[in-house]
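Number of protein chains: 2
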Amino acid sequence: MEGMLEEGMGGSQHHDHNNPCVEIAMEIHKVETPPKRSSLQKLKNRLKETFFPDDPLRQFKGQSCKQKWLLGFQYIFPILQWGPHYNLNLLKSDVVSGLTIASLAIPQGISYAKLANLPPIVGLYSSFVPPLVYAVLGSSRDLAVGPVSIASLLMGSMLRQEVSPTLDPILFLQLAFTSTFFAGLFQASLGFLRLGFIIDFLSKATLIGFMAGAAIIVSLQQLKALLGITHFTKEMGLVPVMSSIFHNTKEWSWQTILMGFCFLVFLLVTRHISIKKPKLFWVSAGAPLLSVVLSTIIVFFSKAQDHGISVIGKLEQGLNPPSWNMLHFHGSHIGLVLKTGLITGIISLTEGIAVGRTFAALKNYQVDGNKEMIAIGVMNVVGSTTSCYVTTGAFSRSAVNHNAGAKTAVSNIIMAVTVMVTLLFLMPLFRYTPNLVLGAIIVTAVIGLIDIPAAYQIWKVDKFDFVVLLCAFFGVIFISVQEGLALAVGISIFKMVLQMTRPKTVMLGNIPGTDIFRNKHQYKDAVSIPGFLILSIQAPISFANSNYLNERVLRWIQDYEEEEETKRHSDLRFVILDLAAVSAIDTNGVTFFQELRRVLEKKGVELVLVNPVGEVMEKLQKAGGANDLLQPNNLYLTVGEAVSSLYSSMKVVSSSQGNEL
Amino acid sequence: MEGMLEEGMGGSQHHDHNNPCVEIAMEIHKVETPPKRSSLQKLKNRLKETFFPDDPLRQFKGQSCKQKWLLGFQYIFPILQWGPHYNLNLLKSDVVSGLTIASLAIPQGISYAKLANLPPIVGLYSSFVPPLVYAVLGSSRDLAVGPVSIASLLMGSMLRQEVSPTLDPILFLQLAFTSTFFAGLFQASLGFLRLGFIIDFLSKATLIGFMAGAAIIVSLQQLKALLGITHFTKEMGLVPVMSSIFHNTKEWSWQTILMGFCFLVFLLVTRHISIKKPKLFWVSAGAPLLSVVLSTIIVFFSKAQDHGISVIGKLEQGLNPPSWNMLHFHGSHIGLVLKTGLITGIISLTEGIAVGRTFAALKNYQVDGNKEMIAIGVMNVVGSTTSCYVTTGAFSRSAVNHNAGAKTAVSNIIMAVTVMVTLLFLMPLFRYTPNLVLGAIIVTAVIGLIDIPAAYQIWKVDKFDFVVLLCAFFGVIFISVQEGLALAVGISIFKMVLQMTRPKTVMLGNIPGTDIFRNKHQYKDAVSIPGFLILSIQAPISFANSNYLNERVLRWIQDYEEEEETKRHSDLRFVILDLAAVSAIDTNGVTFFQELRRVLEKKGVELVLVNPVGEVMEKLQKAGGANDLLQPNNLYLTVGEAVSSLYSSMKVVSSSQGNEL
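Chains A and B are the protein sequences, given in the same order.
Using our numbering, you'd call the opening residue of the first sequence number 12 and step up by one each time.
Using our numbering, you'd call the opening residue of the second sequence number 12 and step up by one each time.
One should not assume that every hint holds.
Chain copies aren't distinguished; within one or between two, either way the pair holds.
[What the hints assert, rightly or not] Cut-off 20 angstroms, straight-line C-alpha distance, at most; resulting in silico cross-link-like pairs (SDA-like, lysine to any residue): (1) K471 / L249; (2) K614 / E562; (3) K474 / N644; (4) K531 / I461; (5) K613 / L300; (6) K506 / E60; (7) K506 / I210; (8) K515 / A595; (9) K471 / E629.
Don't read these hints as lab results, they were simulated from the structure.
Keep in mind it's a predicted model, so treat the numbers as computed, not measured.
Turn these sequences into a full structure, and let the hints guide you.
Encoded structure:
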């Protein structure tokens, strides 16, 4: 053990073992200031880090003019990047995965459109045009584009606040298209203005809570179809839906319940199989279409629609009609439409980007968040002019796409073509499809959004994040979908601000046998050096915390002085602040140092700064009165050097005092 | 030079000078986890740091029960602390300073009440009761309590939005008292709930800009009295006031302008003398009262009130009438009253606390911010029931108090007694006091709020803070007092959030001859170690920045790889993240590490963590899947140890590979 200590650090080997570090003769290194840059350069740098952290223009550097044009086109249309190298092998994989997701997209499209209170066919329209647009503009290879449950729910419930989809279906449809237009415009602007980081404010905890809450709300809505209730509440909350269900028990239809239950069990079992064995992805992928076909045949031959089982009814045949003449940019509902566009836009964007990033990380390629936003945004703007409502990359369908071996965005094209064929020729077949099977499909799809293991993981790792999760969850269930989300985001940001207001300060001690200083609370072996109080401040010092830090440092000093009285060790001579973790200061931060120094001087204690980063050095230098803070004997590169240098000077002083006596 | 390098660090002295650090045989120290604490303990600790950073109950520890009661009473009524030791010497100082600030308080009280559109006598009432309350409850020895310019301006301008002080003076007065009541209630609640840190959000830059803007707005309002205009605009902004002045040139009265100009020059000269020679504080302290007396005598004998010089007029005699029956807690103006109370409350609180802290620091005693808030709040609640409007510790008067040698809050009592004598016997004397002299007194008082040297200092130190300052300044001048303030606070918080979203990552290099690693940009000598990319992340990793950090780290790696191609040095083998400055992580932060590790693994690069703080260690441990991150060969105490250990293992691998070939 002794030997190890000796070996630890060189210099004078015969050091005092009580204060192993402080006796080591050490070379003192200078704290340097970074090279001077003008304010303009700094601003440029700051703006670049804020808006272009991924440096998208990197590839253009040092290329010829022609090459730059080509790269530019490829940048805007990623299809030009991978298109030329496309081959038959890739096509085979893409056809298989494209047909697989089409068999999911058709029943889900119809179901989600009903969830948004829109005509079922709009769901199919939305699975035709947007995937084609995305195939040209998008950079993810796995994203399966189409309507999704949560955005459908949000749009349906928000628009229903002002317009009834049953009493005024045309106006409702117009508002839905207009909201989609604004959602797309908003998404594309976020990408274009490089403000994509806004969606980062939806933390993991927020999203898990929100998704779970939304899944429950969506599932509750399906009870209308699954129980066969005709007079169902128009509200979304848990309380009104439950009371509506139990006040209308007379309307429950046993035929509907029986048939719905069977299909629900079938779908859940197939889902379970595919989760257990990902190779059998086609079991759950094919089940919805099979259920639709089966249930339609049953209804058709048993004439069950006359026995209380409600069916979709007649659907029009043909491709998307144009809808730009249905966009409303004025009138009394413009506020609602803007709000709906904003919220569904940001939520569907979050899902799309998260899905894209997840699969890109799995296959080890990069998706550019801001470019994806432009692609999704343009897709929705185009969609809104061709009778589509809001679409994005759906998580469940993208997972199936990935498992089915999709290689490029061509799988989206295959899916779109399949949907086109359906729209052109197969629409009459859906006439007798019962609503209950759509309900069962939605419930099966959204149940995967309730991620209990992830919630448990959050509970284990971070209790505060779990509180955020609960707020989002209960907010969505009991208040409303959008307010629950806002609540959770608000709390997350509040926590962040609070963290800035109350940064950590920890006391450092010397790890015996080294010149390393670490948190005494974390490292049990770390010892204090008598006469020294060594603190590490772990946040930028700004207006929001300079007063707190002042109080907190003074409390550390009081603690030291009280301990001093009881343990009778030497007087406090130096307060050393380790500034390695202080990444920035503002003018209040500069004042903090000046005032602290003044207060300490009155107590006869010296303030020593260790390892300030470039920005902090610069600002302290610029603040004239703080110059004293940056004297060589108040400024060191490491805590070890500071302690060793000051400790020896202390001994010189005390020994010379001894001589005088 | 060679010698210095050799001396730097011990161990094996014969190291390779190209990579001075990495060859040093080093002892490897373990990264420890802090002792386990339950979530409840952590929560308790967090709450304590948030609400009781100053540990106010510290003095009660280990005292007898009787002693605790005594200390408790002394805590609530600081007068019990210093009262028993009060002596004649202290009294002498306090009488001198009390009379000095009274001679300022009387003319300023009348002037500020007019600024708030209230009857002048309310200004005197407000200089009588609140100082007495503060003397009992307050813990500052220098604060001179009474009405202040900015709070008066705010209250007057906000209430005037709904009620005219000329058309409905009684209602206006009632609303002023009710606002004062709410201001006091809000101030006391902030202190009681220990939310005092809310006022920290008014940064130094915000306050300097705001004060300067408000001073200009206040001075512009005085042009009414100084030019003798009768039809003056009711608005506060620069533009309407200037146009009102130049559209009413016919109303300008040369007698008023001449007299006003003389007194203004006189007051400014005396102010200048006192600034140059602080010992002559009584020159500027006595000048306002002298001006009032002189101007009153001139008007009385020259009958100037008949020649276009407006005078205060008749004032009632007698002490404060009760006003609790004038408080309105319902009715149509309740929203306005609450808003006014909130804003004037927070602004006057900020001034009072800042003044208290400034003088406490000068005389080296402590004021407890939250206790002061309760004192100021109670003072305003009591004031609102005794015909006083909002009061606080005024900066200019407190400075005079301090210079005049005030020792305790008794100087406030002396001032209050002097004001009482004035109210009882001297009120008729003010009948002929011209309004112009009040205007001159206000202009002289507020001109000190324009602190150009401080603004220049901010410009020098922090350009962004200067932008905040300008926003506050121009917001106040061109939009409105409260919106200018809100704008500046909003921008400050936005900057803070942006800083969290885009934390700094810097590349570290080895300082030759040591095992110290520092920012390569700041330390020109620092050298990279081939095969290693060493980054320091300088902020807590949270949902707001985990995506950015991921992108940023990957960009560092790309940069390394590009450099590799051109400079042909060795392949990237290790990415070392120095986590010393990562003071906290949340669940998104845990995911960041897991994902980064996965991406790096695919590139054949190892992720190494250095010096995680306790909380980060704990969370990474709890997140099961992250366990691999905390293997001994992926986790080191210092960058030096990590590099030296990994470098030697690298050499072992390459040499054994060499043997195999």
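Hints, one by one, checked against the model:
1. Taking the closest pair of Cα atoms, K471 and L249 never come within 20 angstroms of each other, the shortest separation being 28 angstroms inside a single copy and 58 angstroms across copies.
2. For the homomeric pair K614 and E562, the shortest alpha-carbon distance inside one copy (15 angstroms) is at most 20 angstroms, but the shortest distance between copies (48 angstroms) is not.
3. In this assembly of identical chains, the alpha carbons of K474 and N644 never lie at most 20 angstroms apart, being 44 angstroms within a copy and 29 angstroms across copies at closest.
4. With identical chains, the CA atoms of K531 and I461 are never at most 20 angstroms apart, being 42 angstroms at best within one copy and 46 angstroms at best between copies.
5. In this assembly of identical chains, the alpha carbons of K613 and L300 never lie at most 20 angstroms apart, being 81 angstroms within a copy and 38 angstroms across copies at closest.
6. Within a single copy, K506 and E60 get their C-alpha atoms only as close as 24 angstroms, which misses the 20 angstroms cut-off; across copies the closest is 14 angstroms, which meets it.
7. In this homomeric assembly, K506 and I210 come within 20 angstroms of each other (Cα to Cα) both inside a single copy, at 17 angstroms, and across copies, at 18 angstroms.
8. For a Cα distance limit of 20 angstroms, the shortest separation of K515 from A595 qualifies both inside one copy, at 15 angstroms, and across copies, at 9 angstroms.
9. Within a single copy, K471 and E629 get their C-alpha atoms only as close as 42 angstroms, which misses the 20 angstroms cut-off; across copies the closest is 10 angstroms, which meets it.
When the structure is compared with the earlier hints, violations turn up for hints 1, 3, 4, 5 and for no others.
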